[in-house]
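Trainee: Using the hints, put the two standalone chains together into the complex.
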Amino acid sequence: MTTPSTNWDYAPAPESTKVEIKTQYGLFIDGAFREPRSGRSIETINPATESSLSRIAEADAMDVNLAVVAARKALKNWRRVPALERAKYLYRIARRIQERARELAVLETMDNGKPIRESRDEDVPQAAAHFFHHAGWCDKLRWACPTSNGSAPEPIGVCGQIIPWNFPLMMAAWKIAPALACGNTVVLKPAETTSLTALHLAEILQEIDLPPGVVNIITGAGETGRELVAHGDVDKIAFTGSTDVGRAIASTVAGTKKRLTLELGGKSPNIIFADAAIDQAVEGIVSSIWANQGQVCCAGSRLLVEESVADEVIEKLRLRMRSLRVGDPLDKNTDVGAINSRAQLDRIESFIKLGVAEGAQRHDISDVALPSKGFWCKPCFFTAVQPAHTIAREEIFGPVLAVMTFRTPDEAVARANNTMYGLSAGIWTSRGSKAYEIARQIKAGVIWCNTFNQFDPAAPFGGYRESGFGREGGRSGLSAYCA
Amino acid sequence: MTERSEITKTWKLFIGGAFPRSESGRVAPVKDLTDRSGGKALAYAAQASRKDLRDAVEAARAAQEKWAASSGYLRGQIIYRLAELLDGRREELIEAVRMSGRVGKSKARTEVEVAIDRTLSFAGWCDKLDSVVGGRNAVAGPFHCFSQIEATGVVAVFAPEEFPLIGFLTLVLPAIACGCSVIAMPSSVEPIPALIVAECAPSADIPPGVLNVLTGLREELVPVVAAHRDIDAVVASVEPEMAKILQLGVAENLKRVRLVDPQAKFLEDLAWSSPSAFQAVTEVKTVWHTVGL
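These protein sequences, in sequence, are chains A and B. Numbering of the first sequence is given in the working numbering, commencing with residue 1 and proceeding in unit increments. Numbering of the second sequence is given in the working numbering, commencing with residue 484 and proceeding in unit increments.
For reference, chain B alone in the conformation it holds in the complex (with noise of 0.2 angstroms):
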């Protein structure tokens, strides 16, 4: 019997529920990092340009206010949907995280499991965030006042490039729990599992252009994502330069940065499904209302 040669597989970009080449034609390897005689090709993904991403800004954009509008309860259960999904691939997910080299398989199990109970954290959020973070302010006019948390509109965030699949989660899921519409540039060195998260996505009915990927150079996506005027909020997990280039980008339409240490545990502490998450992501709008006969 001859032997079954492999299909090897070349992940596309996902942008506005579709899922194209970049238009660029570019592609490059994603290697096996186990594979000690210096990584061999295991599969291609594309390599996303500087149009690219505008092209997924412009329909992050077109989705994020039906999205923001939509009601908590239901983003709550298509987040739910996406846990599930998840699930189902979990094998494929632990074997895509153990090819980043960086774990054996039992860690790589646990890092799938906590990433897929996270999600499910987060699912719950959504139709609760207004009630922790939000509330009546006592002011001391006749004035019913009142705080609620809203998105605030189109964010891009770089994913850690260690832990390939929780470290995405936990950055791309407040954002999307919360209202907003979300670029997500995954791990570079690692980005599969991500690539699957975005396979998940229209089974879960995330709506077209609320959660876009894209795979490529980080180089050359993060002076473009702290330049476009049209992204409200970066949440980044990169190197210290790079984390410079997004902050200088503060000055272009005031959009909001949140940092987190690429060096972050993902896995510990409780604090990455707390309402801290929501930094950057969420307003806080307050609305005054008079209160007489």
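For reference, chain A alone in the conformation it holds in the complex (with noise of 0.2 angstroms):
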């Protein structure tokens, strides 16, 4: 007699890959692709695979100045294409992403590492919906931005754009859309281990013929984001990355006339009270630190339990955990893929480390295999975690998540201000009067009650505090990128 099978585990279910990505890229600099004047370049790797994508060009300082001399030519001609017109352009980028939606999902995931779900469902469609969005507001800036004289307001100008490898095309989404809806032009330099989605969002704009100049993206790495901090023709900086280097910024544009806005870190808090639905609240903590491998940077990294219902909530948690799926990134069944960078997992790995030698008491899934090759991290949370541990206090940017309880409101609203950050936080209760009085109390740019990690090209997003300044979409996303 044979024995029923208990194997219950999914067949692969690969997404095709079928994606043209060329052995490597130049700069895209005044409408067309250049070799830089560097002469170097970098080579990107599948982080689910280590094996070489494509090679992306490093621009030096001399490429950065043709980018920006490009951007600062173009502005004359852009600021003046009357606002229907340039809304027609943001349309017809919104259009192209959409229709190559499907490539641009699989090459990010390639080059990120982020489950295809992810990139296939979030991602993409986000970065469509920033361009179709902010399309709309071409026309309607001298009421959405209003001057005292009542006319539209004027753009501020070159726009040197950095953005992190965490969500790339959506994040070259938030900062271009907006710029270009405002008359800016705009020098995007995306994170060096992503840039492949960026590159390909240049096809799309020469397939559109958006004016040469209007945007530049020039990839590299540390000293090309310096090299475009520090030219002295750029009248904007957009920051979202890590505090260190938004701190970095900040001190390089001191005493120029350089507007600045910073998106950065975030140790953010996720609360659930005893009285909210348990099974959704769980749900609900699964996405706040293990979605994009927790790589995110208003992810709920610390989460405030009530203490009557901690037992239960750690439990389901725990029961939850083991059933992610950990593994190739491209299978539309993964849940959890591949970290973005060996030096990201090394980090990651030093943090684990750290939280039990500080005392804290460690939960994975420790018997899931890995595949053999890549950057992997399975996901875990900590609990005996003190507020003054370093995994409660730093942020990790890893599906490692610190388990904290509280017996009242005013203890959680204590606990989950207790940070420097302040970008978002989580409420979970079924009480909507209580939701909307901690809401009000935590010192956070986004708050989401009974959900998380939701973005909307209409809702403002940005930090309090160490977390930044500034917003990005809705109006006040526009603000920034008004004279």
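Misleading hints may appear alongside valid ones.
[To be verified] Here are the simulated lysine-lysine pairs, DSS-like style, with alpha carbons at most 27 angstroms apart:
no.: 1; chain 1: A; residue 1: 18; chain 2: A; residue 2: 332
no.: 2; chain 1: A; residue 1: 257; chain 2: B; residue 2: 748
no.: 3; chain 1: B; residue 1: 514; chain 2: A; residue 2: 434
no.: 4; chain 1: B; residue 1: 534; chain 2: B; residue 2: 514
no.: 5; chain 1: A; residue 1: 140; chain 2: B; residue 2: 611
no.: 6; chain 1: B; residue 1: 727; chain 2: A; residue 2: 257
no.: 7; chain 1: A; residue 1: 434; chain 2: B; residue 2: 611
[Unchecked claim] Some chain B residues close to chain A (C-beta under 10 angstroms, calculated; not the full set):
no.: 8; residue: 628
no.: 9; residue: 633
no.: 10; residue: 771
In case anyone wonders, no lab produced these hints; they're calculated from the structure. By construction, the Cβ of each residue, glycine as well, lies at the ideal position given by its N, Cα and C atoms.
Mentor: Now the structure itself:
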């Protein structure tokens, strides 16, 4: 007699990878791809396989200058393009992103390591939505950002924009769409590990005949970014990334006329009250810390649970964590993909070691097999965490959750605000008035009640305190691009 | 009849609702700049030290949360009351502005009257900023999503050297109106109009610590403000080299900085009391709530 199979595992369901990746990419300056003057390039790899995807150019000071000159030259005409005509370019970009969505999603997953489910359902649709939403603003700026004489506001000018590797295409859209809607021109620097979707976006800009120089995309690492920040003919710097780099940028632009907006790190609290719908809250925890491998600036990396339900929540979380599928990001059933780089993986692992060393208790899915190549970190959470522990204070930027408890709403608020950051917060309760009162007391720029990690081009996003200043999205986001 | 000799006043600091001397014991003369012979001392003003500034930040921090939690309607009434009190001391204010030697009596009168009217304007903003700048965000999912305007927190203000009254009020009032608490450094050459505002503050029921006024040397106080990690925002109308020091302070704790041209014309332009007056002293908080059965 044969034993019935107990293997209920999913069969592999890989997304096809029909995406044309060139062996190398130049810099997108003044409407064309060109070889970097520097003559240097950087290899970009698939973090799930460690195999090479392509080589991208590394822009030096001369290259950065060429891009800024192109943006300055293009500004003269672009700012005078009638508003509805400007809108048409943005609408066309949105359309082309939608039409090339599958290609962009696959490319994003290969370059970043995030699950195809996320790039397909979140990153790429959000990128298209940002262009579509901002297209509609072009002719309405005089009402969105009124001036004292009633005329439409002027653009700021040439905007230098530096974006991180966690949501590469989506961040490019968040930066470029409002800048163009307000009549600015752009020099965008994507992160050196995840430049490919931005370079394919550059192809789209060519396809829709965006005037040359309106958007320039220059690839490179930290040095390229520093050159862009320090360039004397840039009118505004918009940066998304770590708080440390944000501080350095702020110091560089001090004493200049450059405008500055910073979207930086976080150590966001996710607060579960005993009267919450616990099953939904557990799903919320999963998306708050394990989506995108926890490499999210607004990740709910500190879980605050009301003591009376802590055991129940932790038990359910443990069960739910076991069901997460870690592995091939291109598999449509994958929940947790690869960490973006070796350097980031090392950083996450050092925090996990520190958490154990400082006395917190680690819970993970130790028996899950991981691929032999690539950068992998199993999702985990820590209990017995003290507020002074490093893992409760510092941004890890990985799938690592610190669980703490509280007894009263006042204690929850005090713990939630016990951080120098203030990017986001989650609140789970079935009482609406309580949710709004806690939301009022928490010092954070984005607060999700009975949900987490929701984004929309109409909703302003950005932080309090050391999570930066300025907003992206909605009317507040536009004002950051109007003089 | 013998001539009555004047009482030369020594103006003190305004910290946490009280009027202390500087802990350093320092005072400096306030000169009558209309006096061509070199400016005789009209009065004396305390010269704040870095310790005074730290005390003021503590007082401001202690007061801020409660002030921000009070209703916009209440804050509006308090600022309106301040306008009433300033109007009652109008002649004194005109004289104090005139002593700066920059304007004659009629221009001094205009500055004072526009300043009092601008105070009224800010009284009206307290319960309207949210409606004008915040609002519901039409997001694509099943969520009630709105953005509300909140106070940034503790704000340091460096008022311009010129326009000793209207420059001071134009930069201080937006912060107070939206629920911040303020440590304000008035014009160092002509601080008396701002010190009169400080003397009106308790009678207007501005809670202790919400407005603090420190007279003193700018070059001493600017670096302390820039480096202070419990100051959330700076609004400053200062010369470029001091502006740069304040901007470098952003790297300390990501404090928000609004710089105002020290040559700005504070009497003109409607933008002084437009929503743009609230940059750096307000934060946008976006709240999402699920919608469903």
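Trainee: Now look at each hint and say whether the structure bears it out.
Mentor: Quick rundown of the hints versus the structure:
no. : hint            : result
1   : A:18 <-> A:332  : holds, 15 angstroms
2   : A:257 <-> B:748 : holds, 20 angstroms
3   : B:514 <-> A:434 : violated, 56 angstroms
4   : B:534 <-> B:514 : holds, 26 angstroms
5   : A:140 <-> B:611 : holds, 22 angstroms
6   : B:727 <-> A:257 : holds, 10 angstroms
7   : A:434 <-> B:611 : holds, 24 angstroms
8   : 628             : holds, 5 angstroms
9   : 633             : holds, 8 angstroms
10  : 771             : holds, 5 angstroms
When the structure is compared with the earlier hints, a violation turns up for hint 3 alone.
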